[in-house]
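Number of protein chains: 2
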Amino acid sequence: MSVAVVLVAAGSGERLGHGVPKALVDLGGRTILDRAITAFLGQSAVTELVVVAPPAAADSIASTLRSGCPLPAVVVPGGLTRSDSVRRGLAALSDAVEFVLIHDAARPLVPASVVAEVIATLRSGSDAVIPVLPVVDTVKRVAGQQVTETVDRTELRRVQTPQGFRVDVLRAAYAAAPELVATDDAGVAEAHGVQVCTVAGDEAAFKITTAYDLRLAELLVSAG
Amino acid sequence: MSVAVVLVAAGSGERLGHGVPKALVDLGGRTILDRAITAFLGQSAVTELVVVAPPAAADSIASTLRSGCPLPAVVVPGGLTRSDSVRRGLAALSDAVEFVLIHDAARPLVPASVVAEVIATLRSGSDAVIPVLPVVDTVKRVAGQQVTETVDRTELRRVQTPQGFRVDVLRAAYAAAPELVATDDAGVAEAHGVQVCTVAGDEAAFKITTAYDLRLAELLVSAG
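First to last, the protein sequences are chains A and B. 0 is the number of the first residue of the first sequence in numbering that gives the first Met the number 0; add one for each residue after it. 0 is the number of the first residue of the second sequence in numbering that gives the first Met the number 0; add one for each residue after it.
These are calculated hints, taken from the structure and not from any lab test. Every clue listed holds true.
In silico SDA-like pairs for lysine to any residue, Cα to Cα no more than 20 Å straight-line:
#1 B:K206 x A:D151
#2 A:K206 x A:A111
#3 B:K206 x B:T182
#4 A:K206 x B:E202
To be clear about the criterion: a stretch of chain B counts as covered by chain A if any three or more of its residues have a C-beta under 8 Å from a C-beta of chain A, and this derived list gives those stretches:
#5 134-146
#6 153-167
#7 173-183
#8 201-211
Even glycine gets a Cβ: it sits at the ideal position worked out from N, Cα and C.
Kindly generate the complete structure, drawing on both the sequences and the hints.
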């Protein structure tokens, strides 16, 4: 079994206000990207890494990876949209790869156990696997500022990454929908008729978007 | 303007595994309940406080409040369900009260600014006001472990507390639906045809349910 990891790290990080791409923001002495890579290094099935980087930072990230990453790693510049970036990542995989995990670098604290569970579920025959959590808060539908409905949340799940796929399946899904704007890769697969199954995610795999999120991540990292 | 606060603190806290009711769990040197009360003490419109307590802890909570709470406060024992507890809290309000804020004690870190915004929106004429946040993660609908749909989340909001109401409106809504099981008080009001409006919530107002949530709260409190 040969699994590649595509780390989507091309985000600008504008909402963090640090003036550098999000992947390069410091998180307790290491960059967000560096921490995101760590969750994958202990997985024996993972054989290569592709980092989709902000174009302006691609060279410096590549030089950092050359010196410190124990896996074969390549860096490709990101596209204009997340989907463009994933396409570029998929195009950079070696031919030997059977499965791919697409992971948001902005979820640097994903536990290795979640990664392992996604890989195990691919190994057992699934074409597409995503980690999810229940929706704990009450959810309302609104129109403007007015509530129109309380939504039944029992069948709703919050989706995290890494999302795992058979490489040929995900490539075919992206090829079939060159203009599709999906919020996640599983959405592209679903639109292509692929059956997506779920495994348990973890609160620690939350996405860093705002300054509040970064502060939480810093507190979690410093608490060890 | 006279605003009462009903703090729903009757939860068992079983998922926290501390062996005491959740409201009495320590959070950086003060109980969760004590911290939840604090957010309301600085609001000049708030004139009284009702704590709906776990029956076995009602006496000790009452004695603590008598010695330390600057507001008129009463403690009533909770019911079998959250709705029962809220009914008991509403029954304990003084006649002078015009508005009520129903707050989960399990959201002890709600910023005073959110409370103030809920009160201000009631003051401007709304019958029912809830703090909400956007849904940031991709959301899927599932059947068992299989994804059936990616949900459009643009009109979805995560609901927090305190939820604010005209007292007569909320009492009428609860009276009209003696058997309704709603996940929140706004849901009871909606079922009675009340227009509910939203204001901006805050990530810090998250609900403490699991050990992970409590750890986050401890980290946030200790970081100041």
